[in-house]
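If you read the sequence shown in our numbering, its first letter stands for residue 1, the second for the next number, and so on.
A few of these clues could be false.
The calculated label-pair distances, taken between Cβ atoms and stated as ranges, are [unchecked claim]: (1) R59 with R5: 30 to 36 Å; (2) R5 with E56: 25 to 31 Å; (3) G58 with R5: 29 to 35 Å; (4) R36 with E69: 27 to 33 Å; (5) E56 with W2: 25 to 31 Å; (6) R5 with R57: 26 to 32 Å; (7) F55 with K13: 15 to 21 Å; (8) E56 with R36: 27 to 33 Å; (9) V54 with L32: 15 to 21 Å; (10) N37 with G8: 29 to 35 Å.
Heads up, simulated EDC-like pairs for lysine to aspartate or glutamate below, C-alpha to C-alpha not over 20 Å straight-line [stated by the list, open to error]: (11) K49 with E21; (12) K13 with D35; (13) K49 with D67; (14) K13 with D67; (15) K13 with E69; (16) K13 with E27; (17) K13 with E30; (18) K49 with E9; (19) K13 with E29; (20) K49 with E30.
None of these hints come from the bench; they were simulated from the model. Cβ coordinates follow ideal geometry from the N, Cα and C atoms, glycine included.
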Amino acid sequence: MWVSRWLGECYSKLYVRFGGELFTFSEAEEFLSFDRNRLSVAFSRLHSKRLLLVFERGRPRLYRLLDAENFL
Numbered sequence: 001m002w003v004s005r006w007l008g009e010c011y012s013k014l015y016v017r018f019g020g021e022l023f024t025f026s027e028a029e030e031f032l033s034f035d036r037n038r039l040s041v042a043f044s045r046l047h048s049k050r051l052l053l054v055f056e057r058g059r060p061r062l063y064r065l066l067d068a069e070n071f072l
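With these hints in hand, go ahead and build the complete structure from the sequences.
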């Protein structure tokens with residue numbers, strides 16, 4: 001499975017920072033310095049590719065990235 005370059009860069013930056021740890025949307029927003037709209041698109045696409053898992057659906061939602069070894 002291939003993702004676009006910008007999405008891959010977003011994933012890799014998040015993975016370097018958070019690894020397999022849980023994180024929130026606002027933590028990712030602060031780390032990446034993306035505006036909310038761009039980050040929402042990135043999260044939506046990463047989730048559709050099954051690279052970003054919604055770990056807890058409460059508010060604020062908790063997310064976890066899938067390990068890169070699991071999708072290569």
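Now the hints, each set against the structure:
no., hint, verdict
1, R59 with R5: 30 to 36 Å, "holds (32 Å)"
2, R5 with E56: 25 to 31 Å, "holds (30 Å)"
3, G58 with R5: 29 to 35 Å, "holds (33 Å)"
4, R36 with E69: 27 to 33 Å, "holds (30 Å)"
5, E56 with W2: 25 to 31 Å, "holds (29 Å)"
6, R5 with R57: 26 to 32 Å, "holds (30 Å)"
7, F55 with K13: 15 to 21 Å, "holds (19 Å)"
8, E56 with R36: 27 to 33 Å, "violated (20 Å)"
9, V54 with L32: 15 to 21 Å, "holds (18 Å)"
10, N37 with G8: 29 to 35 Å, "violated (19 Å)"
11, K49 with E21, "holds (19 Å)"
12, K13 with D35, "holds (16 Å)"
13, K49 with D67, "holds (13 Å)"
14, K13 with D67, "holds (13 Å)"
15, K13 with E69, "holds (16 Å)"
16, K13 with E27, "holds (13 Å)"
17, K13 with E30, "holds (12 Å)"
18, K49 with E9, "holds (15 Å)"
19, K13 with E29, "holds (12 Å)"
20, K49 with E30, "violated (23 Å)"
In terms of the numbered hints stated before, the structure departs from hints 8, 10 and 20, listed from lowest to highest.
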